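Guided by the hints, dock chain B onto chain A, whose structure is given.
Now for the letters of each chain:
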Amino acid sequence: MMLWPTRRGFALLLVAVAATGFVVHSGARALGAVVVPSAVALLAGVVQVWLTPTPTVDRAVPADGPAEREGTVVLRFDADDPLPVTADDRHSAGLRVVDGLPAETVVGEGPVRYRVRFERRGDRTLGPATVRYTDALGLVAGRDSVGETARVLVYPAVRPLPPALAESLQSGLAEQSRSERDEFDGLREYVRGDALRNLNWKVSAKRDDLIVTKYTGARPEQTVTVAIGAAPGDADEMATAAASVVAALHSLGAVVALLTPDGEVEAGPSDPEAAFAHLATVGPGAVPDREATVVVKASDGTARVSVAGEERANIGNGREAAT
Amino acid sequence: MSEATARSVAGTTRATAQSARALALAGVAALTLSYTSVLYYVADVTRGAETMLAVLAGSLLLGILLGRYVGTTVAGGVALSVAITGSVGYVLSIPPDQRALLFTTRVVTDTIALLTGLSVLRLTNAGVWALGVAPAPIIVSWYLAVRRRYVWSVVAGGTALSLLVLTGDAGPTTTLTGVIGGATAVGVGDVERAGGPTPQFDAVVAVVAAMVVVTASLSAAAGGATGTPFGDGGESPTVESTVVEAEDNIRILGSISLSTDVQFEISAARGNYWQTAAYDRYTGQGWVRTGETTAIEGTRAGPPGSARPLRQEVTAQTDLGSVPGAWRPVNVEGAAVRSTQQGGFRPETRIAANTTYTVRSRIPQYTTAQLRRAGTDYPDDVTATYAGLPGSTPDRVSERATEVTANASTPYDRAVAIERYLEEEKRYSLDVESPDGPIADSFLFEMDAGYCTYYATTMVTMLRSQGVPARFVVGYTTGEQVGDDRYRVRGLNSHAWVQVYFPDVGWVRFDPTPAGPREAAEERQIRQTEGNGTESGPNSTGPAEGSDTDVVNLTPTTPVPDPNVTATVGNEPATPSVAGADDGSDELSLPDLPSNRTVAVWAVTLAGLLAVGRRTGALGRVRTAVALGRQSRSAPDADAIRAYDRLETLFELRYRPRAAGETPRTYVSTLVADGAEEAALSVVDAYEQARHGDGVDKTTADDVVATVDRFVDEWSLGDRLGR
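Taken in order, these protein sequences are the chains called A and B.
For the first sequence, numbering that gives the first Met the number 0 begins at 0 and goes up steadily by one.
For the second sequence, numbering that gives the first Met the number 0 begins at 0 and goes up steadily by one.
The following block holds chain A by itself, in its conformation from the complex (with noise of 0.2 Å):
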């Protein structure tokens, strides 16, 4: 715990100094009856604020996200007796507190909430949590650190893509489902709501009826290959694209086989946070293959995506520009 005289203890403490000087230099008049209880409120705050059990705290933080964008923290102090305390949260950078906090609250009443904006991807920590209070007359404060860190992964940003680079990830998406067809499975009559793309012309005009063809089972889904590397100190540009990329792949169905630096993971729309949580604290490094269907390569602040080998965009320093 760390003590410290507050503004007024410091006055009181000056006030007393004085009064002791001009006994000392002109007669004690009536001025004991300043310095002694003076000297007895300073030496009480001392072991009161000395005294003070430490509250304990219950912290809840919000779910890793993406960065630039909002959370709620919520601490729920405790003590056997309500204490007004001023509350505050440590935290690592990448994250800052937007409001809420210093907060003055009583122990044991309500939660102190605060929101806290994730700036920057990576492992991110808040806490531990801070009280400072006072003793009865507020000259003398103390701090006391509570609780543990709590840990936050702060995922790159998501941003849109620009518009031809979104295209071009769509037509590749379609032209790669149109080469990886399922297997046949036979002939059937046309039945409004089937894909035009299956009616078997030749069947038909024989049939002169309208056929389409049947494929076996639920179709695979298409998985994209997206390999990124980056130059040193541009690992964070890479990041933010690789996951823009990745966000608009799931948007489009298909599931992402992500290849970096640091390793492998494979994400489908419906489990995505495996690939964001790589990519929150991937590093740079070489991209691990040249021929994959898309290229996230970032070097001197701006990362070039290529998709099926022609580049398509450059996103840089939040600015997009398509090729």
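Covered, in the sense of this in silico footprint (three residues per stretch, anywhere, with C-beta under 8 Å from a C-beta of chain B), are these stretches of chain A:
no., segment
1, 34-45
2, 134-142
Just a few of them, taken from the derived set where beta-carbon distance is under 8 Å, the chain A residues facing chain B:
no., residue
3, 7
4, 21
5, 24
6, 25
7, 28
8, 29
9, 30
10, 31
11, 83
Note that these hints are calculated values from the structure, not bench results.
Given the structure is predicted, the values throughout are model-derived calculations rather than measurements.
Each residue gets a CB set at the ideal place from its N, CA and C atoms; glycine is no exception.
Frame of chain A, contents of chain B only:
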């Protein structure tokens, strides 16, 4: 903290906030009271009490109204203009000749003087000063208090109190009251602003109580030592010594050890009273000399009427703090002196032993007829300075003076009548109990004996009540003649007497102290001391011998004991015990009721302990212990019932309360630990028999009580072991 506690905290919080506000305002009120009481005292001494009350009430009202309706800037402006008005008023009230001395450096010097112990009463127009100073702190502190800015309110009031503490006019009790008030306001104010919970409130009470107790204890413990922490304040230290029987070596401002030491030897053609100082302002408890000293310019004027010169050569035998000389001194050679407003001289530094200086005086020459003829056309400044009494002087003093002077037609005859009356009616004694009330009033109506300061004070008071200007004078009587024209003056020749003003004659000496008894006492002193071969005699108060102080406190705590007893240093003070200092008296005396102060300190201690007790849960534990503890025995039935009640209380604390509709038997058998069922149920049986059945006999009752005792002991032990 459980849900229930949280809810109750919220509920009590509102009630606490309201009572907290009341208590915080009470604290501000106590602080206000502390410094306004001093200002009121000054106003009373300078006969402006009613005006001061009006100003105080008006300021309080103004402060509160401003607080409710007006913003900070406007309120600040109002306070500032009030303060400026006060200062201007004070400056304008100073007589023009003295005012010329007032430019910036003077203001600074005067302020420094005030801060280093110059009593406000010494200011020329102390009354106007007090009126000027009073409104601003009251307005500001109450404005802020109404706005719930308690800390700044206390700062405002505390500044005023500090000023009065530094001038020495605020006594220890007053100061402590103010400090406690301020601390309460600050502490409780925080509780109120936070809408805070009770434990903080308890903490405030405990700390404030500790402040009072420690301060009071320290003052009591140090009460006997020289220079107490509450040292030589304007208030009588005997108040401190009522807490504890003090040993007597308290130095009072204005009093010094009176001894047979030779102070000086003086050569003069004729004997006289060697005056050292005159005092003009009476406070009820003592005398104050107002006004500044000025540098001498040449020889001063003598008395208005005819006068004979007298040259005196004074050889100091010890350090002297004054310049004794016959009235009226006009010139001093051989010592650096300054002129006082009262017509005397004061040395710039103490006069070293074995120094010789020369005083030239002009002794007023008059006949009785002349004095009778002098009339009552007094100069204005004389009336203004030497004819006033504090507003609180009891009427009966004036009535008695009127009675005594009923047959006197001139001021001279009045003076003589009063002088004679006091000489005859009051017994001379050095051994007196310091009175609580005003000196003159007490001496006239409550004491039957006293010494010179009492006689002199009373005579001046009585004369002033009849409109005759008079003043209190201290110095030395003539002393022992040790040669032609040579006198040896000792400490015990210190004396206080009276001077009365007569137009065209000036100040004329009167001495109401009966000379015979005084001289006899002095003789005895000398013979005794010479017999013992000791140098210094007993401690005693008297008029300021060699006094370089401007305030004389008349309440003695170190009287000389009955001269028939061997003199020793460190006597019992006459003040505290009712038994008086009658050593060897056979009277049985009742102990004093504790003074108000003692009662107050104990009350505060109790409050503090209760607060601490509640805070630490000690109170709760005490209550539990009482509920469960050993029961006192009476009839078997009652005992059995009480035993069961204790058992139920125990189970309630340990497990849960008995549910509505649950019978004692079910309750106990459900909760009781295995193995103790039989014992517990026996208690229930006995209870039911005693309550609803035929009753139980003593043996059963005994058994049952013993059983419950065992249960309680078991549980308490377990509780202590933390099970």
